[in-house]
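Chemist: Protein chains in written order, with the working numbering: chain A, -8 to 400; chain B, 117 to 406.
Just so you know, not all the hints are guaranteed correct.
[What the hints assert, rightly or not] Subject to a maximum C-alpha distance of 25 Å in a straight line, what follows is the list of computed BS3-like cross-link-like pairs (lysine-lysine):
(1) A/175 to B/249
(2) A/303 to A/56
(3) B/233 to A/88
(4) B/233 to A/305
(5) A/303 to A/72
(6) A/303 to B/249
(7) A/122 to A/88
(8) B/249 to A/228
(9) A/72 to A/88
(10) A/228 to A/166
(11) B/233 to A/53
(12) A/175 to A/228
(13) B/233 to A/255
Simulated from the structure, these hints should not be mistaken for lab results.
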Amino acid sequence: MTKGTTTNVGTNLVGMSRRRFLTGTAGLATLGGASHFPMPALAQGAPLKVGLMLPYSGTFAKLGKFVDDGFRLYVEQQGGKLGGRDVSFVQVDDESKPEAATDNMNRLVGREKVDVVVGTVHSGVAMAMVKVARDTNTMLIIPNAGANEATGPMCAPHVFRTSFSNWQVCYPMGKVVADAGHKKVVTITWRYAAGTQMVDAFKEGFTKAGGTIAGELALPFPEVEFQALITQIATLKPDAVFAFFAGGGAVKFVKDYAAAGLNKSIPLYGAGFLTDGTIAAQGDAATGIKTTLHYADNLDNPANKAFQAAFKAKTGNDGDIYAVQGFDGAALLNAGLTAVKGDTAARDAMVATMRAAKIDSPRGPLSFSKANNPIQNIYLREVKNGRNELASIAQANVDDPARGCKLAG
Amino acid sequence: MDGLTFAVQLLNGVQYGLVLFLVASGLTLVFGILGVINLAHGAFYMLGAYLAYWIAAMTGSFWAALLGSVGISFVLGLALENVFIKRMYGRDHLAQVLLSFGMILVIDEIRQILFGKDVHSVAPPAWLSGSIKLTDVLSYPVYRLALCGFCLVMAIAIFYVIQRTRIGMVIRAGAENREMTRSLGIPFDTVNRFVFASGIALAALGGAVVAPVSTVFPGMGDSMLILSFVVVVLGGIGSVSGAAIGALLIGLTDTFGKVFFPQISSILIYVLMAGILLWRPNGILGKREV
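Starting from the given sequences, assemble the full structure and let the hints guide the process.
Modeler: Written out as structure tokens, the structure is:
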């Protein structure tokens, strides 16, 4: 366990009347006018209060736990401190429910008065958090959600992301597929924001490299009856298929694709999430699938080896990309706090240091764009022996175009 | 679309419909005969799949998994009927909805404790794991064909039990007029318990037989519950033949909807349901008000 204390906060505003709630939010809005978050006089001596708003239950619970473990591992390695200050945690279970996100975030910022919020996995929840963070000038570190908007139109100097943008992980795949000699590609995904953003980024990269999209198949989220669309792929006979699914849907799609014999004649490419986290359940059906992501299971760099050993020792599990994203979130915060000797009131200096930070991440070199999105290598991985093994660097130091972000202009 | 592709899509639709029928038949029995709305039907579908995964992992036998999953669910159904469901007969639907919603939460939590929240898969028996080559790129998995056959056999068995056996006669009589059946000295409590447990066992059987093609994951029951209700309402509450027609209609609509009208495929089955209910407010073969 980490040094310092952890408080669990309930997530429901049960019993809170509408009027009280409105008063609460109005108060926060006023607070947003001040340029600095008010700090108690004891600021230097008091522990740094970190709000972890993550899915501790529900579909993404496992992802939330790995982010949490990764973040705490880094803090432990610093002796329970960040920037020389003791750390205390306040946990909120966001349950991956966008409708409760604003209330949960307001509770962390307003009642718990945390110094920084770390969260979350689900993009819909994260976007609500970004909105509150902007309104209240709260520092926010996003350890997973990939919605392009968070470091696009909604970007802010004090909102950081240590994971990826949907665009970033899929754009490099376009060139990879074209370079492999495939001219006609069919895309398939769920019809929802993340799916559309990922497929669009792939299309952008692929058409730029001279390829043609022969068909765009989609089905409603989170439906898993793929048989009709798989038959359609066989009819269209493309040179390759690009797919984005995750979780149970990804397993079923990969297995259905193999069961229909398509894996033998039409190579399957995808965003890394197609095979990450559920590869054991996919078994042999996944062998040979190539995906792009900002991490691979066997990255051979000293930071990754040290991280994997420490994570295994702490939790008994193998670290994955979610744990790395949490770990790097703490590293980023540590860099900013160290520069201001733990004084969060010196916000401008802290933010400037974080924006310029260069982190030796387990995923490889990590720095940040003007929109505070990671600049990082995107790796091409191939499923071999039940692992996502590194094949090559699909594109080094990929920088999200941050479309619509005023900071990047 | 050439003839062969059309035939394959037709097969896809029929196969999906047959699976829907298998799961929905349990719901229509419980809804139609006991008058109980069981929102937890999807949760039992999921539980059946997880039990199948668990037993298959322990014994290595698909058939043991199938039998074990159905057996455990049947016994669980008997116990639940005895403790909870029998208090729900004749109560208003709100009480039933609350109880069965609570059951969803409890089953989900039990699943969480026993099996965790990982995604799993179940291997089909070796002799069913091959596939048949249809075109140069497309093959059809043998297990899916076997699944069609199995669901058909189950459908015939359900019809036979309900239409041709003594217990089926009692069940039909009970659904027609509960008080009269009781006054004729038929042990109705036992029949109720049997019907409820069979409904649960059918849901679990559905989950277990589709596990090899569908993957076992926590939220798998949610969409199945909604589809099952659509099938039941479409076919007419309590009508097993209606459920069969409804399930096939939905399977075909969904499959061809995805092929021909991909933009609106998600709402097509609900448009179909609304259209049929306008034409026949009690469902295709229904006698009772929806």
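Chemist: Confirm or reject each hint.
Modeler: Each hint tested on the structure:
1. A/175 to B/249: holds, 24 Å
2. A/303 to A/56: holds, 14 Å
3. B/233 to A/88: holds, 18 Å
4. B/233 to A/305: Roughly 21 Å between the alpha carbons, so the hint for residue 233 of chain B and residue 305 of chain A holds.
5. A/303 to A/72: Answer holds: residue 303 of chain A to residue 72 of chain A is near 21 Å, not above 25 Å.
6. A/303 to B/249: violated, 45 Å
7. A/122 to A/88: It holds: about 15 Å lies between the C-alpha atoms, which stays within 25 Å.
8. B/249 to A/228: holds, 15 Å
9. A/72 to A/88: It is violated: about 31 Å lies between the C-alpha atoms, which goes past 25 Å.
10. A/228 to A/166: Cα-Cα ~20 Å, so holds.
11. B/233 to A/53: With a Cα-Cα distance of about 8 Å, the restraint between residue 233 of chain B and residue 53 of chain A holds, given a limit of 25 Å.
12. A/175 to A/228: holds, 9 Å
13. B/233 to A/255: This hinted pair is violated, its Cα atoms lying about 31 Å apart.
When held up to the earlier numbered hints, the structure conflicts with 6, 9, 13 and fits the remainder.
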